[in-house]
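Engineer: Chains as they are written, first to last, in this note's numbering: chain Y, 1 to 364; chain H, 1 to 615.
Worth flagging that the hints you see were computed from the coordinates, not collected in a lab. Heads up, the beta-carbon is just placed ideally off N, CA and C, and yes, glycines get one too. Honestly, I wouldn't trust all of these hints.
[To be verified] Derived CB-CB ranges, DEER-like:
id, chain 1, residue 1, chain 2, residue 2, range
1, H, Gln-84, Y, Arg-15, 48 to 56 Å
2, Y, Gly-111, H, Gln-445, 34 to 42 Å
3, H, Gln-505, Y, Glu-124, 30 to 38 Å
4, Y, Asn-171, H, Leu-594, 44 to 52 Å
5, H, Arg-233, Y, Asn-171, 37 to 45 Å
6, H, Ala-44, Y, Arg-186, 56 to 64 Å
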Amino acid sequence: MSEKKKIVLKGITKRFPGVTVIDNMDLDIMDRDFTTLLGPSGCGKTTTLRIIAGLEQPDEGEIWIDDRLVFSAKRGINLPAVERKVGLIFQSYALWPHMTVFQNVSFGLEGTMSKAEISKRVKESLANVQMEEYVQRYPSELSGGQQQRVAVARMLAAQPEILLMDEPLSNLDAKLRMQMRAELKRMHNDMNVTVVYVTHDQEEALTLSTKTAVMNEGIIEQYDRPEQVYKNPATLFVADFMGNPQMNLLPVGVEPKDGATKLTFDTGESILLNRQVRAGRHILGIRPEDLTVSSQPVEHGLKGRVYAVLPAGSSVIIYASVGDTDLIIREARETVVHIDQDLWITCDQDYLNLYDQETKKLVG
Amino acid sequence: MGKPEVEAKSTVSYSPFAIWFRKRGKRLLSPHFVLGVILLVILAYLVVAPLITLVRTTATWQPTDTRIRNENVVVGQFTTYHWQRILGSNLSKAALWDPLLNTLTVAAGTVVLVTVIGSLLAWLVTRTDLPMRKFISNLAVLPYILPSWTIALAWVQVFQNSKSYMPRGFLEYFTGITVPEWLVFGPVPIIIAMGLHYYPFAFLLISGALSSIDSQLEESGEVLGASRLKILRRITFPIVLPALTSAVLLAFARSIGTFGTPAILGLPARYTLISTQIYSFLGTGRDSQGYILAIILMFMSFVGLGLNYRLIGSRKSFTTIGGKGSKHSPVKLGKWKIPITIIVLVFLVVVAIFPLVLIGWSSVMLNMGDFSLSNFSLQYWIGESSRAYADGAPGVLRHAEVLGALKNSVSLAVIGGILTGLVGMAIGYVVVKERGKWLSQSLEQLSFVPMLIPSIVFGSIYLALFSKANWFIPSLYGTFALLIVVTIGKQLPYTARSGVSSMLQVSGDLEEAAIIQGVPWGKRFLRIMFPLTKNGFIAGALIVLITTMRELSLYILLATPANRVLTSITYRFIEEGNKQITYAITILLILTVLILTAAVNKWQKTDLASGIGGK
Numbered sequence: 001m002s003e004k005k006k007i008v009l010k011g012i013t014k015r016f017p018g019v020t021v022i023d024n025m026d027l028d029i030m031d032r033d034f035t036t037l038l039g040p041s042g043c044g045k046t047t048t049l050r051i052i053a054g055l056e057q058p059d060e061g062e063i064w065i066d067d068r069l070v071f072s073a074k075r076g077i078n079l080p081a082v083e084r085k086v087g088l089i090f091q092s093y094a095l096w097p098h099m100t101v102f103q104n105v106s107f108g109l110e111g112t113m114s115k116a117e118i119s120k121r122v123k124e125s126l127a128n129v130q131m132e133e134y135v136q137r138y139p140s141e142l143s144g145g146q147q148q149r150v151a152v153a154r155m156l157a158a159q160p161e162i163l164l165m166d167e168p169l170s171n172l173d174a175k176l177r178m179q180m181r182a183e184l185k186r187m188h189n190d191m192n193v194t195v196v197y198v199t200h201d202q203e204e205a206l207t208l209s210t211k212t213a214v215m216n217e218g219i220i221e222q223y224d225r226p227e228q229v230y231k232n233p234a235t236l237f238v239a240d241f242m243g244n245p246q247m248n249l250l251p252v253g254v255e256p257k258d259g260a261t262k263l264t265f266d267t268g269e270s271i272l273l274n275r276q277v278r279a280g281r282h283i284l285g286i287r288p289e290d291l292t293v294s295s296q297p298v299e300h301g302l303k304g305r306v307y308a309v310l311p312a313g314s315s316v317i318i319y320a321s322v323g324d325t326d327l328i329i330r331e332a333r334e335t336v337v338h339i340d341q342d343l344w345i346t347c348d349q350d351y352l353n354l355y356d357q358e359t360k361k362l363v364g
Numbered sequence: 001m002g003k004p005e006v007e008a009k010s011t012v013s014y015s016p017f018a019i020w021f022r023k024r025g026k027r028l029l030s031p032h033f034v035l036g037v038i039l040l041v042i043l044a045y046l047v048v049a050p051l052i053t054l055v056r057t058t059a060t061w062q063p064t065d066t067r068i069r070n071e072n073v074v075v076g077q078f079t080t081y082h083w084q085r086i087l088g089s090n091l092s093k094a095a096l097w098d099p100l101l102n103t104l105t106v107a108a109g110t111v112v113l114v115t116v117i118g119s120l121l122a123w124l125v126t127r128t129d130l131p132m133r134k135f136i137s138n139l140a141v142l143p144y145i146l147p148s149w150t151i152a153l154a155w156v157q158v159f160q161n162s163k164s165y166m167p168r169g170f171l172e173y174f175t176g177i178t179v180p181e182w183l184v185f186g187p188v189p190i191i192i193a194m195g196l197h198y199y200p201f202a203f204l205l206i207s208g209a210l211s212s213i214d215s216q217l218e219e220s221g222e223v224l225g226a227s228r229l230k231i232l233r234r235i236t237f238p239i240v241l242p243a244l245t246s247a248v249l250l251a252f253a254r255s256i257g258t259f260g261t262p263a264i265l266g267l268p269a270r271y272t273l274i275s276t277q278i279y280s281f282l283g284t285g286r287d288s289q290g291y292i293l294a295i296i297l298m299f300m301s302f303v304g305l306g307l308n309y310r311l312i313g314s315r316k317s318f319t320t321i322g323g324k325g326s327k328h329s330p331v332k333l334g335k336w337k338i339p340i341t342i343i344v345l346v347f348l349v350v351v352a353i354f355p356l357v358l359i360g361w362s363s364v365m366l367n368m369g370d371f372s373l374s375n376f377s378l379q380y381w382i383g384e385s386s387r388a389y390a391d392g393a394p395g396v397l398r399h400a401e402v403l404g405a406l407k408n409s410v411s412l413a414v415i416g417g418i419l420t421g422l423v424g425m426a427i428g429y430v431v432v433k434e435r436g437k438w439l440s441q442s443l444e445q446l447s448f449v450p451m452l453i454p455s456i457v458f459g460s461i462y463l464a465l466f467s468k469a470n471w472f473i474p475s476l477y478g479t480f481a482l483l484i485v486v487t488i489g490k491q492l493p494y495t496a497r498s499g500v501s502s503m504l505q506v507s508g509d510l511e512e513a514a515i516i517q518g519v520p521w522g523k524r525f526l527r528i529m530f531p532l533t534k535n536g537f538i539a540g541a542l543i544v545l546i547t548t549m550r551e552l553s554l555y556i557l558l559a560t561p562a563n564r565v566l567t568s569i570t571y572r573f574i575e576e577g578n579k580q581i582t583y584a585i586t587i588l589l590i591l592t593v594l595i596l597t598a599a600v601n602k603w604q605k606t607d608l609a610s611g612i613g614g615k
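Construct the complete structure from the given sequences, taking the supplied hints into account.
Structural biologist: See the structure below:
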């Protein structure tokens, strides 16, 4: 969105007894970006967020916010959260159960401004999230969605420039989650803020973010725009992690042929790829929706047999056996196929990714 | 834009020490670290110093040893004399082996009685359709609130008889039955009196565990076709086991260290336990030998703890499994319902109410052994001083010393309860915040140590430690402050445990949410951590308050004429043989405890079980 760097992590390493949670991580987060940290549980995404917030101290590395050094392990610099101008929403919301909604929002402001100003600020923040009627309620008297809103209001009241969110929607039901996503996106658009958002839900990452960092075992596997992460996963891990149903991954032999590339499957069939890729044995990754089926033989089509058909409303998901592997295909909902029927499967070359078997990285 | 260039602003050039300090110092200056170190110093003073004194005293010559002949006594010099005396001399049998055997006998009997009564009552109250369950469980806890020697006093008052050259007891007076001597004094009455006093431990712990088991665990056994007995044996029992062994351990540790009951029911029959033997050593200036016995007692508690740990080990967490609290379908007692209800009620009336009534009644008897109405008198309550009664002591409500002691006891219990509760919360906070680090572990383990030291020994060491000024602490001998310090030291294990468990219940997010907003530590503690753990604090403080009101052994050596407490004055009257005065003071004490407890309960709803460490 912007060319200005808001948060810079340099060589961040965090160890807990016996494990390295984050391993020499570099990450630049641009001003006004909505960055998601995405990954399975235990990948270090929450720790990264807590390190940015100043709740956790890395063992090595530096953090810069707005070109200001806020943390340096070497020099022993560690500014508290307030001076980093960050706000944080916890997965549990962390509303103080013994305080009313008003007190929850006002508590952090006490001492920084006059009573009248606090009152005004609290009311504004609560009005922002449509919770102004509930000032006298206690958190236990609110629904999950309402608690969520209060947590947002509490964070916004301090007027932070960076909003950190730790799986804030994971405790809400599906319908409410969708609605809150829209509101978060609107909020990000309306306010001059940078958002760092932790989630294990790839759909959330795809729908919300302007940039996604996919994490695995303490390192960032890919950091890019979400549509790019989806279309060209940089590593096998990302390819496998992103997408539902998951990407098809099958071994292929790769050799150059007449300026193009010939891919040979284990079943003996082969297709031609109209770009050049280094020769060798690779893993081919292709998304279910980029495969097409035909009940008639097609040139360069892989022959398969239908194993199961799963209608999914907006589309139909077909499991087909090709040799001794299964392919998952997503087709338009009008497609009519039957179990044990023979199929010919073709793929869209533009959406085909090849990964090195050893390095597990994208090669073409 | 490249590399940020603002570095210069924060760069001055750092000396290696400055860098080290800024890296490590942040942690060293973190509030919970500083608080933890302060607490560690306090614990060193309250726990470690007494332990060292205890061990050192057993291995050095003491000033009182100079009267020993045939020995080259140099006060303060190392000697094995005391250990030899206790472990390998002609004194050993009377000083160690007999009391040790007696103590183990009594403890074993008490543990069995406590477990049987406690688990039966717990099962009836939590798992059956017994009527009046709420009432019964309230009544069942009453014996714990009474001073431990109440039942002992009542026991004597029921069974004493003319054959043992005593005034006639309740039983002989009304039925003419004279029970044999062994039923009046000795191991059997001690076991019964202690069992009836300590069973509420087992009752509270086990009923807590029983009602927190997720019923699905048992139902799935039922669905698989297991018999009720098998479910009880293979599912329920193993899950309740941690609570059960905790109860056994508590009862064991308490019964080997208690002093009042064995003194009242044992000494007249020359039946000594280690606790009464320690008292006799300390009372005759042979501290070293008393302390050796104390070390032996502590070793026994320690072994008990180790066994408990081995037995439960990592399964401890089982107790908390499944907080769903789904409803159990109660066991139908059927035709046994009415007989069992009657038995339970009669038992509780005999155990919890009758001793009180009898002691109250006995306090208004002008002459002992005469239960008739014509013998009724308020002499021992409001009578003027008269040579004919109680060696000239006036009624307790006119007795300046008694009233002073009452006031002292109440202030001690209230101040001690609050302070111990606060220290316990602070320990809980640091233990939880520094979890996994040495500071957390040493605080948690040190705060548990006083549990192992018998009260009477604890009091005696404090007497030795604080009677002269040392370091920056002035001499506390004979002061009220000393009583408070010893209360905090001894009762700390209870409040520290409830402190840790209530701090654990507060999610770390709640404090971090305030850290993020830059709320300073003091304000966070006062406005967030403290309000959220207030209930644990009150439960802990209440336990200390009750325990302090009726604690005898801890204060018996420390209370000076200027600073008596109700319990120490009671024991003086017991020793003087002024029964009715003793009874009157006991009633006064019980009423005070009940009023204080009710007041706290009215002000704040609390759960006694959580204070004992049931949760």
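Engineer: With reference to the structure, classify each hint as holding or not holding.
Structural biologist: Tested hints:
no., hint, in the structure
1, H:Gln-84 <-> Y:Arg-15: 48 to 56 Å, "holds, 55 Å"
2, Y:Gly-111 <-> H:Gln-445: 34 to 42 Å, "holds, 39 Å"
3, H:Gln-505 <-> Y:Glu-124: 30 to 38 Å, "holds, 34 Å"
4, Y:Asn-171 <-> H:Leu-594: 44 to 52 Å, "holds, 45 Å"
5, H:Arg-233 <-> Y:Asn-171: 37 to 45 Å, "holds, 40 Å"
6, H:Ala-44 <-> Y:Arg-186: 56 to 64 Å, "holds, 58 Å"
The structure agrees with every numbered hint stated previously.
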